[in-house]
Each structure stands twice: as C-alpha cells, then as structure tokens.
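Engineer: Sequences are here, hints too, so could you generate the full structure?
Here the protein sequences line up with chains Z and D, keeping their order. Following this note's numbering, the numbering of the first sequence begins with 2 at its first residue and continues without gaps. Following this note's numbering, the numbering of the second sequence begins with 41 at its first residue and continues without gaps.
Zero decoy hints are in this set.
For lysine-lysine, the following BS3-like pairs were computed, each having C-alpha atoms within a straight-line distance of at most 30 Å: (1) Lys404/D <-> Lys429/D; (2) Lys166/D <-> Lys91/D; (3) Lys535/D <-> Lys24/Z; (4) Lys48/Z <-> Lys535/D; (5) Lys91/D <-> Lys404/D; (6) Lys429/D <-> Lys91/D; (7) Lys24/Z <-> Lys35/Z; (8) Lys48/Z <-> Lys35/Z; (9) Lys485/D <-> Lys24/Z; (10) Lys24/Z <-> Lys208/D; (11) Lys24/Z <-> Lys211/D; (12) Lys535/D <-> Lys35/Z; (13) Lys166/D <-> Lys208/D; (14) Lys420/D <-> Lys485/D; (15) Lys404/D <-> Lys431/D.
These are calculated hints, taken from the structure and not from any lab test. Since we're looking at a predicted model, the values are computed, not measured.
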Amino acid sequence: MSIKPYGVAVTDAIASGELSRLKEAEAAAEAHLKEYGDIPTLLALLKVEIAKLEKGRAKS
Amino acid sequence: MTDTLSVAPGSAAPGAPPPAGKPVRYRVERDYTELVPVHVVWEVTLACNLKCQHCGSRAGRPRSDELTTVEALELIDHLAELGTRELTLIGGEAYLRRDWIELIRRSRDHGIRTGIQTGARNLTDKRLDEAAEAGLQGVGVSIDGLPDLHDRVRGVPGSYDQAIDALKRAKARGMAVSVNTQIGAETARRLPELMDRIIEAGATHWQIQLTVAMGNAVDNPELLMQPYQLLEVMPLLARLYREGEARGLLMVVGNNIGYFGPYEHIWRGFGDDTDHWNGCSAGQTGIGIEADGTIKGCPSLATSLYSAGNVRDMSVADIWRHSEKMSFGRVRDVEELWGYCRTCYYADVCRAGCTWTSESLLGKRGNNPYCHYRALDLAKHGLRERVVKIKDAPPESFAVGEFALITEAIPGAEVTPLPERDPAAVHVAVRERSAAGGALPPSLKPCRACAGYIWPHETTCPHCDADVAQAEAAHGVDSERRRALIAEATRVFAKLGVGA
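Structural biologist: What follows is the structure in structure tokens.
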C-alpha cells in the first residue's frame with residue numbers, strides 16, 4: 002500500500018514503474034551500442050556497398 | 041458519497057515479509073488491520089555531540105532515566121513479537137549510548153532490518169566496524185546543505201566534512217548509505233550541488249523533509265520555510281528526483297512533504313503510481329520510542345500531547361493496542377479537520393498530512409499549510425500563506441510554540457476569492473474496523489488524463505474534466521504497448537547477456 006518515510010531513508014526501496022524499466026532498457030541499449038557499435042546501421046552500410054560493387058561488376 | 045473498505049483475503053500475515061521487490065517497510069493491508077508496528081524509530085539516548093538549531097528534541101545531555109540495557113533488549117524482543125520489520129535507532133546520537141552495539145545485535149538476531157540516523161560527528165572507524173560486525177544494515181547521515189549552511193545549522197564547524205567522510209567509510213563497509221536533508225528557508229538553492237556531493241560520496245537514497253516548528257526550531261523561526269515556497273521547492277524536488285534516479289540516487293520524500301500535487305505519482309511508489317499518500321500512520325503502523333521508555337505513535341510528536349505510556353509501567357503491546365493516545369490515528373475522521381483541509385477534495389485520505397508538522401505549527405492537528413496542492417490552489421486565486429511565530433516553546437524536549445497562519449495576496453497578483461466549499465460534500469470512505477481495531481486507509485486512483493489522484497467512484501475527473509473511463513482505456517492501450525516493448529528488450533538483452 003505504501004511506505005513510511007521516516008527515520009533512516011528506505012534504503013531497500015528501488016525505483017519501479019514503466020518509466021524506470023524503459024529507462025533501464027534504454028541505458029542497457031546505449032551501453033551495448035557503446036561496447037559493440039551500431040550493428041543494424043553497420044549491416045545496412047555493408048549491404049549498400051556490396052550492392053554498389055555488384056552493380057558495377059555486372060556492367061563490366 | 042461513501043465507499044467501503046474491507047480486508048482482502050490472503051494478504052500477508054503480521055510480521056510476514058512484504059511483496060517481492062518492495063522494501064520491508066512497505067505496509068500491506070494486514071499491517072493496518074492487525075495493527076503491526078512495521079517500523080519503529082527509537083531515540084535510544086538524548087545525548088548528542090551536535091548543537092542543531094532545529095532540533096525538535098533539544099538533544100544534548102542524556103535523559104536522567106534512560107532505559108537500562110536489560111530493559112532495552114527486552115523491549116526489542118517485544119517489538120519482534122509484535123511483528124516489527126524495521127528499526128531505526130536515533131538520538132541524540134545513538135552511538136553515544138554505550139550498549140548501542142548490543143541493541144543492534146539483538147534487533148538483527150530477530151531478523152529486523154536495522155539502521156541508524158546520525159549526525160556522524162565522531163562516527164569513528166572503530167564504531168563503524170563494531171556496528172557492521174553486529175549486523176547494522178543502514179547508516180543515514182543528516183546533511184542539511186553545503187558546508188557553510190550545514191555547519192551553521194548543526195552548530196559545529198567541520199561537521200559537514202565529518203558527515204561526508206562517514207558516508208564514504210560506511211559505504212566501504214558494505215552498509216546501505218543514505219542522506220537525510222531538512223529543507224529550511226535557506227536550503228532549496230543549495231540542493232542541486234548537495235545532490236552532486238552526496239552521489240560522489242556514495243549515497244544511494246536521499247530522504248528530504250521540511251524543518252518543523254518544534255523545540256530549537258521554534259527558537260530559530262528564521263530557519264523555517266514558508267508554505268508558499270513550496271511553489272518553487274516542489275518542482276525543484278521533482279527535477280532532482282528524475283536527475284537522481286538517472287544517477288543512482290533515489291529520492292525519498294518524507295512524511296511532511298506533499299500532498300496530492302502534480303508530483304504525487306512519483307513520490308510514494310517511486311514510479312509505481314498506485315501508491316500515494318494515505319494519511320499519517322502514527323500509531324497505525326509505526327511506533328516512536330523515547331530514551332526513557334515513553335511510547336508514542338511517532339517519535340516526533342509532542343510528548344505532552346501524545347505520550348501513550350511507558351514500558352516501565354505496562355507492556356509495549358498493551359500500550360500499542362489499548363492506549364487512546366496511540367490510537368488517535370485509527371479513529372480520527374474528517375470532523376477533526378479544520379481550515380482549508382476540512383473541505384479539501386482529499387480531506388479523508390490525507391487527514392491534513394503530517395500530524396507532527398501541523399500540530400507543532402498551529403497548536404492543533406488537522407490543518408496543514410505545507411501542502412503543494414493547497415499552495416497551488418491558493419496561487420490560482422492570487423493568494424499565499426505564511427507563518428509567523430506568536431509564542432515561544434518551553435525548554436523541554438519536543439516542546440511546541442505557536443505560529444499564526446496568515447493568508448495574503450501574492451505581490452502583483454490579481455486576487456479572486458476562494459469558492460465556498462460545503463464540508464458536508466467532502467467524500468468520506470467508510471472504514472471497516474477489524475477486530476484488532478485497525479482499518480485500511482482509502483485508496484485513490486490516478487486520472488490517466490492529468491495524473492491527479494481521484495476517488496474511485498469518479499466518472500469525470502474533477503481536476504481536468506476528462507472522461508475517466510475513456511482515459512483509462514487509452515492508458516491501457518499505451519501501457520500494453522510499453523509492457524511489450526520492455527518484454528522484448530528484456531528478451532533481447534538476456535540473449536546478449538546485457539543487464540536491463
């Protein structure tokens with residue numbers, strides 16, 4: 002139902018709710034990107050360059 | 041209109057742990073109906089090595105008749121039998137009592153979560169080591185501002201540095217470290233920098249409360265914040281809450297900060313907006329103990345008005361269950377409210393907020409100007425409230441003086457009269473009293489259009505005129521989408537081995 006915030010702070014409380022969980026997921030995603038890079042964008046760029054090269058070879 | 045509150049079957053037994061993910065201090069329905077003193081705050085000695093200008097108990101010298109070690113240990117045993125789940129030792133300064141380690145050890149032997157709230161002056165490594173070995177779980181350090189303000193208010197040069205240092209050393213010993221900050225007239229502008237400093241020192245939780253007009257604070261009324269300053273302070277706190285959350289610091293607003301303003305949905309449930317302020321819990325789920333064994337519903341309440349008995353004369357269980365001075369919160373109703381609070385939309389759930397704050401200030405509980413909802417409503421009409429001391433407090437611990445409450449025009453604002461409100465029109469939730477004498481507080485729900493809290497029977501939001509059902513349906517769709525996104529993120533991160 003609720004807590005009683007008096008005396009020492011409620012140090013076993015944690016943030017909850019959808020906003021907190023979305024922010025946690027956002028932080029994890031950003032940490033992952035920082036560690037491993039943006040693979041979907043990398044993949045898209047690879048596909049573009051491959052397509053360009055394949056198109057050039059087809060002409061020659 | 042009324043609605044009836046009854047006990048849900050199958051809720052946790054007294055003394056049982058709270059639901060998963062909730063702190064042990066979290067109160068479930070049975071805690072109210074079976075009268076479980078979930079959280080006990082105990083002034084174990086009045087001895088203190090600081091000279092705080094706002095100290096409500098006027099601490100300094102120990103009381104002449106403080107409980108003996110045997111009496112204190114026995115009291116802990118009795119509290120455990122009553123189902124107490126958390127114990128906070130305060131003072132004075134708790135560690136100036138020679139047997140404080142024994143008290144911690146006994147409390148921990150019962151499985152009670154145990155912490156201290158301290159000014160931290162001379163909280164030496166030896167003391168911390170002994171406390172950690174005895175099982176102390178939390179150290180809350182009181183810090184009221186940056187060094188200039190803190191040292192002045194606490195009356196001892198260097199006390200700020202000692203407080204910050206103690207935080208770091210307690211953290212190094214694996215304890216949960218938190219900070220309590222009192223907001224007075226000069227505090228607000230220093231809060232952002234203070235937050236930076238306590239995060240740096242390792243604090244994970246930050247409890248904020250308003251300085252209350254009791255004891256030494258009545259002698260130094262310039263320390264008190266004026267009620268209208270809430271208009272600036274509350275948005276600041278909300279901003280700091282969000283910033284702190286992102287940086288690993290969870291703000292916990294104290295019992296005397298609120299109520300039902302635009303930020304209520306974040307204060308009580310830390311993001312779970314089904315939790316909201318539901319009234320003073322003194323004598324319902326909480327006990328306060330003075331060093332001589334005097335029992336009160338809350339440690340801060342005036343001894344002269346709320347002393348419910350002494351454990352030297354009768355058992356704490358009997359005082360807890362049968363004393364009239366203990367049970368006032370269980371039986372009070374809206375009829376005892378007065379002033380603005382009597383006809384407020386939230387009268388029956390709020391009960392004028394913190395009893396300690398309102399009664400200490402105005403000499404009678406039931407009307408509390410330190411309310412954001414009220415300050416905002418008055419401001420819409422060009423009005424504000426301030427308090428002026430008219431009577432000193434006597435020299436005793438927990439003594440109160442008297443303040444006049446003045447309603448005045450906001451400089452430069454156009455004043456329009458407040459509408460007349462009928463006291464009989466206030467919504468009252470009928471409480472079913474349990475055999476033990478307890479009752480559930482009412483529950484409100486958030487309007488999904490404006491986030492203001494409303495009574496469950498409302499079909500149109502009284503705050504924003506939204507169709508409540510329509511707003512709930514739209515919110516349900518949005519919420520389902522968010523839950524799906526969270527679930528997908530959790531699934532992906534689990535496969536990648538990334539924490540989320």
